[in-house]
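Modelling step: build the complete structure from the supplied sequences, incorporating the hints.
Residue numbers (my numbering), protein chains in the order written: chain A, 10 to 319; chain B, 10 to 319.
I should point out that these hints are in silico values taken from the structure, not numbers from a laboratory. Treat the hints with caution; some may be incorrect.
To be clear about the criterion: a stretch of chain A counts as covered by chain B if any three or more of its residues have a C-beta under 8 Å from a C-beta of chain B, and this derived list gives those stretches [as the list claims (entries may be wrong)]: (1) 11 to 23; (2) 260 to 267; (3) 272 to 283; (4) 304 to 316.
Glycine is no exception: its CB is placed at the ideal position from the N, C-alpha and C atoms.
Protein chains: 2
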Amino acid sequence: MTFDIDGILNGKRLAISRALSLVERNDTDLIALTDALHGHLGNAYRIGVTGPPGAGKSSLVDRLIEIWRTAGKTIGVISVDPTSPFTGGAILGDRVRMTRHYKDEGVFIRSMATRGSLGGLSSKAQDAADVYDAAGLDIVVFETVGVGQVELDVAEAADTTLVVIVPESGDEIQAMKAGLMEIADIFVVNKADHTGAEKAFRELRGIIQLRLQTADWKPPVVKTSVVKPEGIDDLDKTIQRHYSYLKESGILKEKFRHRQHLKVRDLILERLQTQFWTPERKEIMDAALQKPLDEMPSPVQLMTQLFKGT
Amino acid sequence: MTFDIDGILNGKRLAISRALSLVERNDTDLIALTDALHGHLGNAYRIGVTGPPGAGKSSLVDRLIEIWRTAGKTIGVISVDPTSPFTGGAILGDRVRMTRHYKDEGVFIRSMATRGSLGGLSSKAQDAADVYDAAGLDIVVFETVGVGQVELDVAEAADTTLVVIVPESGDEIQAMKAGLMEIADIFVVNKADHTGAEKAFRELRGIIQLRLQTADWKPPVVKTSVVKPEGIDDLDKTIQRHYSYLKESGILKEKFRHRQHLKVRDLILERLQTQFWTPERKEIMDAALQKPLDEMPSPVQLMTQLFKGT
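Written out as structure tokens, the structure is:
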């Protein structure tokens, strides 16, 4: 057993750190860890923070941590990094901007690579969040860069999703906003001291009013400035308001249930693959792909051949 | 049969368009289509164009198309869009900037959603590229926005990957460069008329010289400006040079082989899942997830139960 379940449940730093490494490596013991964590979950509030590069997500999270710490909360951060396909490691490493919280015993920070796990990020981020959750932390933050799949995965793993944008973005950001509309529970117009912040704020509010008229929860738009700092308290209150909404509406429990569903699905996918790829099948596959291009069987023929006898 | 293989092979627009829709929907006929295309592949040169939002990728591709059309080449473009999780459709739709090529009979443009297919983008983009390839087009361009998994998928699906950056990017772009280093065959510093272009150009060249000293192919850095326009011819020549390198070194064939491998792997994954999720198993799963949270079996227990009897 490469993990210390008692250490995790007692919030021991080393045990938590080792468990997160196990999650990241996708170690064979991950299944045992997953099973050991079950029954100790459902206490941590999971917040996803996403948006384009340069939007100031890390600094914003840093400020929020300050407020939460003052309120006595403990926090675990998972920085989701685009992965280098060459080294397999995360590109950014632990975020520089959050270093001042490193010495704080109530704060855990970890970056994770997004590549390599079968179920994609959502499965990995979720396992990592489960470690924090079981360790008794109050808040788990997923922070991620980029647009597309990664953000959708984060939204799936989080209870509340913050979408952070900056006023001076180009037209592709405009388009992104439309796509992010559906995953955002709260919009943050960061760098509110910059030119165009007021315009971005108004535009966004307009779009939301127009598009989400009938929604139970209309994503509020909060202006923040990390430099001043300004609007961070307001953001924190808005997050608390969303938490209450999730709890009272029963959505919080539904999200938990949905995540369990995804986990089962991912576990099954992995086992199916492991069972399928016997040494014999690998050999058939390799041999077929070594043939000259014009003698190579079609992928469908090859698949059919590999499935024969099952 | 929902596709017209003769029409595709004869380059008929309607047949191509319908086949691409079939790929996008991940229709059950996709397997039949894949099989029908086999044996007609390997002629199109596949170019991936990636980089952060706002780098001017579409405009750049637009200019390249101009040059290629003058040289008598036919082109198929696949714009890979971050997908709206809500509608399931692509966010940006067909790119506005390339509209002037719409009426050109030698140019095909299509946007595709990245979400939903099991094997991820690489499998879908590849199937779409295969349609263009079998239709006899000379060049297939994958264009994509974002950072992370999507770009890695595109690099996997392409013979040559262009990474487009802009001079005025923030520090996260710096970090991205490091991650993109390994997937870029050619770097493009676009908007070369902007301040800082020369600096970005020099920095990038410096990093490449330092990090890729022993590589057979050192990614050249090309400066372009779509507005002027400037450097597009140079970029085209650099692309041609990379193509020759791929061909002479045998890497082009290796890439084809690798893509076949991925396709087989994806087909198998899909079939395994389809076989596994019988109505009985779905029922067991649903029943377990309906239970009160504290009575719910752990994901591992549930998986074990579902695998019983197989």
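Index of numbered hints that the structure contradicts, given in increasing order: 1
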